[in-house]
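Undergrad: Got two chains here, each in a separate frame; can you build the complex from them with the hints?
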Amino acid sequence: MAPVIPDPDGNRAQLVLVGGLVIAVGLVALAIVLNSGIYTHNLASRADPIASEAVGNAVVVDDSVEGLVEFAVRDDPNDNDAQNATVEAGVPDISAQLSRESARRGVLTNATVVALFPGTTVRQTADREFSDGASPADPSWEVADDAHGIRDFRMDVDRSSLTDRGLLSFPISSTVFNVTFQTTPDDVVVSVYQDSGTTAVLVTDEATGRTFGPCTDSTGSRTEIDLTGATVAGEHCAALERLGDLPRPYDVEFDGGDRAIGSYSLVANTTETPSGTVGAPGDSGPSGLETLYSVRVDVRFQSHRVDYRTNVTAAPGEPDG
Amino acid sequence: MRTGTRRRADGRGRADGRGRASERGQAFALEAVVASLVLLGGLVFALQATAVTPLSASTSSQHIENQQAATAEGVLATAAADGSLRVAVLNWDDTEDRFYGVDTDQSYYTNTAPENGFGTLLSRAFDGRGIVFNVYVHYATDRDDDGEVDARRTQRMVYRGEPTDNAAAASRVVTLYDDEVLYDDSESPSGPTVSGSVFYAEDVTDTDAPSDTAVYNVVTVEVVVWRQ
Chain A
5 MAPVIPDPDG NRAQLVLVGG LVIAVGLVAL AIVLNSGIYT HNLASRADPI ASEAVGNAVV
65 VDDSVEGLVE FAVRDDPNDN DAQNATVEAG VPDISAQLSR ESARRGVLTN ATVVALFPGT
125 TVRQTADREF SDGASPADPS WEVADDAHGI RDFRMDVDRS SLTDRGLLSF PISSTVFNVT
185 FQTTPDDVVV SVYQDSGTTA VLVTDEATGR TFGPCTDSTG SRTEIDLTGA TVAGEHCAAL
245 ERLGDLPRPY DVEFDGGDRA IGSYSLVANT TETPSGTVGA PGDSGPSGLE TLYSVRVDVR
305 FQSHRVDYRT NVTAAPGEPD G
Chain B
12 MRTGTRRRAD GRGRADGRGR ASERGQAFAL EAVVASLVLL GGLVFALQAT AVTPLSASTS
72 SQHIENQQAA TAEGVLATAA ADGSLRVAVL NWDDTEDRFY GVDTDQSYYT NTAPENGFGT
132 LLSRAFDGRG IVFNVYVHYA TDRDDDGEVD ARRTQRMVYR GEPTDNAAAA SRVVTLYDDE
192 VLYDDSESPS GPTVSGSVFY AEDVTDTDAP SDTAVYNVVT VEVVVWRQ
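If you read the protein sequences in the order shown, they are chains A and B. If you read the first sequence in my numbering, its first letter stands for residue 5, the second for the next number, and so on. If you read the second sequence in my numbering, its first letter stands for residue 12, the second for the next number, and so on.
I should point out that these hints are in silico values taken from the structure, not numbers from a laboratory. By construction, the Cβ of each residue, glycine as well, lies at the ideal position given by its N, Cα and C atoms. It cannot be assumed that every hint is accurate.
Derived coverage of chain A by chain B (criterion: at least 3 residues anywhere in the stretch with Cβ under 8 angstroms from a Cβ of chain B; other residues may be distant) [unchecked claim]:
{"id": "1", "stretch": "209-215"}
{"id": "2", "stretch": "303-314"}
Just the calculated beta-carbon pair ranges, DEER-fashion [as the list claims (entries may be wrong)]:
{"id": "3", "chain 1": "B", "residue 1": "41", "chain 2": "A", "residue 2": "109", "range": "57 to 67 angstroms"}
{"id": "4", "chain 1": "B", "residue 1": "94", "chain 2": "A", "residue 2": "162", "range": "24 to 34 angstroms"}
{"id": "5", "chain 1": "A", "residue 1": "56", "chain 2": "B", "residue 2": "51", "range": "23 to 33 angstroms"}
{"id": "6", "chain 1": "B", "residue 1": "174", "chain 2": "A", "residue 2": "286", "range": "51 to 61 angstroms"}
{"id": "7", "chain 1": "B", "residue 1": "176", "chain 2": "A", "residue 2": "29", "range": "27 to 37 angstroms"}
{"id": "8", "chain 1": "B", "residue 1": "174", "chain 2": "A", "residue 2": "189", "range": "56 to 66 angstroms"}
{"id": "9", "chain 1": "B", "residue 1": "134", "chain 2": "A", "residue 2": "276", "range": "45 to 55 angstroms"}
{"id": "10", "chain 1": "A", "residue 1": "188", "chain 2": "B", "residue 2": "108", "range": "17 to 27 angstroms"}
{"id": "11", "chain 1": "B", "residue 1": "54", "chain 2": "A", "residue 2": "40", "range": "51 to 61 angstroms"}
{"id": "12", "chain 1": "B", "residue 1": "199", "chain 2": "A", "residue 2": "277", "range": "30 to 40 angstroms"}
{"id": "13", "chain 1": "B", "residue 1": "78", "chain 2": "A", "residue 2": "269", "range": "39 to 49 angstroms"}
{"id": "14", "chain 1": "A", "residue 1": "286", "chain 2": "B", "residue 2": "108", "range": "36 to 46 angstroms"}
{"id": "15", "chain 1": "A", "residue 1": "40", "chain 2": "B", "residue 2": "94", "range": "44 to 54 angstroms"}
{"id": "16", "chain 1": "A", "residue 1": "152", "chain 2": "B", "residue 2": "94", "range": "21 to 31 angstroms"}
Stretches of chain A that chain B covers, calculated by requiring three or more beta carbons in the stretch to come under 8 angstroms of a beta carbon on chain B [stated by the list, open to error]:
{"id": "17", "stretch": "24-36"}
{"id": "18", "stretch": "75-86"}
Just chain B, same shape as in the assembly (with noise of 0.2 angstroms):
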């Protein structure tokens, strides 16, 4: 526009040149503002294509996700080898029908963890550090009574609410055999031997052997750990 301005401040070719000079000023105009737009949209392109920096929440959250992980599956090492972990899967009252120190009427823990050597192990691992955790116990059952597995089936052992998306778990597979007996509140081998009617978890036998074998249940204990 500045030019056109000073083209007809010359006083050359008025009558035939103003038309033309008239019609690059538009265009000019036009440039600088599809200028304007491209260095806009590139800008703008640009920091939506940073969006994903250390700090953000996709990133970051996948080294939280990777601690938790490891501190959880520690956690479950530590205990099947000081033998904790399976007194927490057999920590189970018979009589009320839910673990050992449940203090609400579900079958599972809810405001902490289980009140054994496994749970002291969680409490240590994540209480106080705004970390929650769900354990959850998997073990096969025989629905329709045939004698082989045919669904696998879950107790909750400590459930504290539906885990986030970032949740990060953790298991570990502990073996039953037919001799176990359940521990009691004080965690001694106490009560009773496991069966279908005093156990949460039935003796199934998966293969086609012709009697029952040694093994009761293989049972997974799985720890969800996630951020509040």
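Looking at chain A on its own, in the form it has when it is part of the complex (with noise of 0.2 angstroms):
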């Protein structure tokens, strides 16, 4: 073989052949290098399909289970044990036709019903102050009393009923209708009135003294206010977010219910009955109902990568629900 180093003759062709390697060798690895970098920024850029797939689950259970809620209620309305049974059954179904599903993917899941929290709803279908059912009507009564949750609170007023803020004294709520939570330390209150011809909302926290709001409804001769849900006639309302977030449990309260007309309708967590005056189910004034506030579920969901287990409660029109 030829030497390597070349010699005074020189001949070079092994060194050549070394530096050929060489730079060959070279190229390789910078080629090895660049590409682990590009197919770790690609493995990187890739969603994790069954990771968010697990949370994705307990949404689907939740909601599932929310509209069985809605359905037992609408299908027995003040029948809690029918009520609980609807559910008991229907949620087994639901496991099972969600895990036929995951199973094609590879994943188990399931779900079974923890228990069942009754509850109370409190409702006005015909178009009357908010004042109880007593005679002579009491305008300033709790709706719910210890109450663990509020949903699906929804009033329907008639605008030319309220109070204009026109003539209205300082502070509002003392002279207008008002929605009271009566929380610890202090109530929050939801009021209800008319300006400029507008329904306006507005939300005071007492503990603080700052107000909220107001929102505003101009259309129409009615108003549409979804206390749980946050809208003013359809329309997303900030203020009445706050709701979503006090300490239970609190106690509902109209105050001042003479000064508005219109329906409402709450669902309540607890069975204990409204101070003021509420006839039979059926009564076209305020009237109370048997109704399953919640259901909590345990949600299991299992891949060969993810084990994942947790509890939802499923309370339809909850806020933040």
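TA: What follows is the structure in structure tokens.
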């Protein structure tokens, strides 16, 4: 073999060969380093479908059981036992059908009922004052006592019946119709009144004295207010979102019920009877009905990499629910 | 070769050195050829290895697939939140046995998005960007009528052809209950109550419960998107 070091005669072929090898190996190494970077970036940018699926499964179970609770209440109003039976039969069916679907992707899922929480619906279907059902009617009365939550709280008010702001003194809440959430340390008050021909909804936190809103509506002659869904006439009302953070339990009170006319409905997480007088189910005035408030469901999700278990509470129409 | 020629010009050891010099020349020539081959091979290998670049199909499509899947998930989540997904599933014409607004012989949309809120969301998200979508509704079925679920079937809602290999998919579950009613072409719940005779999905129970449950069917809406 020829010497590697060039001899005095100028033999350099070996050097060329070694140089060629070094350059080739260097190029290959560079290619590997560059490609490993690209491939790592590629892997890192991929979504992890299994991890997000675990959370998504809990959301799907929550949505499905919420629908089931609504169905049970629609199907058997004022019969808590029948509502419970409907939900207890339906959840295994939902679980089995979801499990069949997820098994196709190599994932095991399961949902079982842990607990059912009875509640009370208080509603008024006819257009009348927001006073209680006594004779004479009391305009300031407790709608829900010691409630561990409120869901589906909607009211539909006639704007012309509301007190006009132009005649009001300060603070506003002392002279208009209020829904008061009696919490510790202080109340949160939702005032509903009329301001220059529009319906206004103002939230006052009495602990700090701050007010939020008002949210207004000038369309038509009536205004639909969803206190738990935080909307006024279908438009989002950020002020009402504060009702989702109230410390529980709390009482719900109507004050100045004779300063508003309309209908309302709410479901309270309590079986305590309201202090005010309410009629029997079917009355168009204020009435109380047995209603399933929420269902706690144990949700399991198991794949070859993720084992996820959580409890979800299905309460349709609850703030942040 | 050059060195051999020069040696011969020196005139040293002509009789005994000529053969050895000739052999070394061939060895140098061979080494040069091998060196050039190694160099060339190294270059070719390096070029082949760098075929996967940030702009080549396999990596760039990954990002696009991620984006398309996220968009499809967003559309489904929005439609589920505002109720339009449920309306789209139940927007079934029971007399024509197809979705409302379909103007072909098929039961599903082929050229346009569904003519409802969900279809509007799909159009706004994908139409005009060179992105095509299919929408399928997968539902449980009881083929042998023994009261138990034994298969899942698929009803196409939108079908615009076979997706490519780089298609992305997202899905969302909608649970239907026994008192659901079909929605008409103006998206009003004015149709008949769902049953196996008026709707593509039938009432099934997937448990050992002795009687029918309140759950009608659990359907999965799947959106598949890909670039044209």
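Undergrad: All hints, please: hold or fail.
TA: Hints, one by one, checked against the model:
no. : hint                              : result
1   : 209-215                           : violated (count 0)
2   : 303-314                           : violated (count 0)
3   : B:41 - A:109: 57 to 67 angstroms  : holds (60 angstroms)
4   : B:94 - A:162: 24 to 34 angstroms  : holds (27 angstroms)
5   : A:56 - B:51: 23 to 33 angstroms   : violated (48 angstroms)
6   : B:174 - A:286: 51 to 61 angstroms : holds (55 angstroms)
7   : B:176 - A:29: 27 to 37 angstroms  : holds (35 angstroms)
8   : B:174 - A:189: 56 to 66 angstroms : holds (59 angstroms)
9   : B:134 - A:276: 45 to 55 angstroms : holds (51 angstroms)
10  : A:188 - B:108: 17 to 27 angstroms : violated (60 angstroms)
11  : B:54 - A:40: 51 to 61 angstroms   : violated (20 angstroms)
12  : B:199 - A:277: 30 to 40 angstroms : holds (39 angstroms)
13  : B:78 - A:269: 39 to 49 angstroms  : holds (43 angstroms)
14  : A:286 - B:108: 36 to 46 angstroms : holds (41 angstroms)
15  : A:40 - B:94: 44 to 54 angstroms   : holds (48 angstroms)
16  : A:152 - B:94: 21 to 31 angstroms  : holds (28 angstroms)
17  : 24-36                             : holds (count 10)
18  : 75-86                             : holds (count 4)
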